[in-house]
Amino acid sequence: MQFFATLPGNTFTILRRWTSVSWGETQPRLNLERYIRSFSYDAREIFEHFKFYEFIQQLDDANLLYKVAKKFAEADLSPSSVSNHDMGLIFEDLIRRFAESSNETAGEHFTPRDIVRLTTSLVFADDDAALTKPGLIRRIYDPTAGTGGFLSSGMEYLHGINPSASLRAYGQELNPESYAICKADMLIKGQDISNIKLGNTLSDDQLWNERFDYCLSNPTVWR
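Quick note: the sequence shown uses my numbering, first residue 1, plus one each step.
Some clues are possibly wrong.
[What the hints assert, rightly or not] Subject to a maximum C-alpha distance of 30 Å in a straight line, what follows is the list of computed BS3-like cross-link-like pairs (lysine-lysine):
| hint | residue 1 | residue 2 |
| --- | --- | --- |
| 1 | Lys71 | Lys51 |
| 2 | Lys51 | Lys67 |
| 3 | Lys70 | Lys51 |
| 4 | Lys51 | Lys197 |
Hints are computed from structural coordinates only; laboratory data are not their basis.
The task is simple: from the sequences and hints, build the whole structure.
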């Protein structure tokens, strides 16, 4: 897999090509874990909250890990082949498919795209004139970030009006898996992922001292 990512802020950089040959068929799990642990803390945390190590252990026990990883190693996902924008679309589609397969818990992970777009347009509508200013910087916040749909939609909306504008994303999410998805999405989009927090916004607001220009949220309704 050719994957080279150089993103701003404290995100992560991988400048090493990963191939099925470089990590070997004899100890695929150990070598893959060693490779992932060479990532930055923020990138490693995403894998940990996905319970990735448990998953690859299951694949390894079934003698499937090397076969699956070899398929990924054959894919060229470098920026010259897949742009950040296209990678974001791919990731978003994977989130949607995951949500659809979750059935009862789908709403916990994913807000339907049409609802996200409508809500975003309503929030930004009164500010459209100001959003065209060159070098504009705005901050958006989602206290129940989920997988980051509202944050991503806000960035897309502002970029469509003003490509030179910058929208800095902030969010907090209680569910560790949703948090990991959101953080990965923000990583792909070049955001400072230290602004995405894990925890209960009501009892442990980790962004209480920040100020934001926009706030969008779709809190989970617990039954």
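Going through the hints against the structure:
no., hint, result
1, Lys71 x Lys51, "21 Å, holds"
2, Lys51 x Lys67, "20 Å, holds"
3, Lys70 x Lys51, "21 Å, holds"
4, Lys51 x Lys197, "18 Å, holds"
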